[in-house]
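These are the residues of each chain, in order.
Number of protein chains: 2
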Amino acid sequence: MAIKVYGIPTSTCTAHVLLCLHEKGIEYQLVPVDLASAAHKQQPHLPLNPFGQVPAIEDDDISLLESRAINRYLARKHKSNGTDLLQSNSLTESAMVDTWMEVEAHQFNGPISTIIYQTIVNPIYGLPPNDKIINSEMDKLEKVLDVYEERLSKYKFLAGDNYTMADLNHILFLVYFMRTPKAAAITSRPRVNAWWNDISSRPATIKVSEAMKV
Amino acid sequence: MAIKVYGIPTSTCTAHVLLCLHEKGIEYQLVPVDLASAAHKQQPHLPLNPFGQVPAIEDDDISLLESRAINRYLARKHKSNGTDLLQSNSLTESAMVDTWMEVEAHQFNGPISTIIYQTIVNPIYGLPPNDKIINSEMDKLEKVLDVYEERLSKYKFLAGDNYTMADLNHILFLVYFMRTPKAAAITSRPRVNAWWNDISSRPATIKVSEAMKV
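Protein sequences, first through last, are from chains A and B.
So in my numbering, spot 73 of the first sequence is number 1164, and the numbers just go up one at a time.
So in my numbering, spot 112 of the second sequence is number 1203, and the numbers just go up one at a time.
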């Protein structure tokens, strides 16, 4: 039976799981959750995700939440389909994947998600972007991207010379970020820009980002 | 050669790594980084952690940052010392560990770290705690703890019936939280309180938390 993914393709966290499924060539069924009517905060969604969020998945007997955990599970289960996104056969290489996954989660994600919220989500709800917040978060993001520029001068991808989950975890927020007036933070950094051109032109990325129209 | 840990024992993130080292019975050398003089923002620390933070470790030829990634590396390298904190021999059990590690990182950590900052760190710098922020973050934390109470009515630990990295990742922030006036959020929930009494009385937890005096 195909994996069931509960969510919507414009949600970065749902798209994050879809991206891993496409990378691995895994069949799935997307079960829409109507966020507009707050279906994610009610039955029957809450037993799948008690935090009232998307996505959640069901695969055989297992039900999982949190996109980064779901993708680790998918990468482990389908390790031999294509590249091993976790580089699990090597202690040092897997440590590099883990490190840059944590950098994404704890250095990159906070600023970039706030900037996207202010510049793309706020206007949908008729709220003006808050320039003070945007500028403060851009300062943080630029510092993180300076570290990436240095890192990508030594390696083709964040965790080394292979495309891994560390790169994949950055893609969905960057898809939206590149549609904001702040995209020059990426294009002005040669190594970061080359990395983005590479990971955004992967067939799986193109497929999933096409559905991310808000 | 013993692993070198760069940091200070009162930093939750440094203590997080020390806790894993003690759980696994791994010898280490703590190399103090003088945060008061901003040594973490300067040479020679920056090559170890380009984000200017603690901790960082050096082990044989590898240098790592981000405490959650460091601990995954330590747990993988020393898998057979004591319990396997990542439950890596089972696809479904490792998925549960990953899930509750991500829940800690993305649901629990934000509110609890803000509350600790407001109630413990602010007064150190002569700043009053901001009650509005504390109340708003407590609302979020209480909702997360309600999910934990339900989860812990089914399993002894967050990821199942074994103590894992998912539990360990919660400990250091809880050590400080239990010293705040908000500790009743834990003690008033019978299952969460029993879980906390269990994980806080482990010899490794006692050892590391004794050094966390601010």
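Calculated from the structure, these hints are not laboratory results.
Just so you know, these numbers come straight off a predicted model, no measurement behind them.
You may find that some hints are simply not true.
No copy labels: a pair is met if it fits in one copy or bridges any two.
[Said to hold, decoys possible] With a straight-line cut-off of 30 Å between C-alpha atoms, the simulated DSBU-like cross-links for lysine-lysine are:
#  : residue 1 : residue 2
1  : K1095     : K1231
2  : K1115     : K1095
3  : K1273     : K1245
4  : K1170     : K1095
5  : K1247     : K1298
6  : K1095     : K1245
7  : K1245     : K1304
8  : K1245     : K1223
9  : K1234     : K1115
10 : K1247     : K1168
11 : K1304     : K1115
12 : K1234     : K1132
13 : K1095     : K1234
14 : K1223     : K1298
15 : K1231     : K1132
16 : K1095     : K1247
17 : K1247     : K1234
18 : K1168     : K1115
19 : K1115     : K1223
20 : K1273     : K1132
21 : K1234     : K1273
22 : K1231     : K1170
23 : K1170     : K1234
24 : K1223     : K1095
25 : K1170     : K1115
| field | Violations among the numbered hints, reported as their numbers in ascending order | value | 7, 8, 9, 14, 19, 22, 23 and 24
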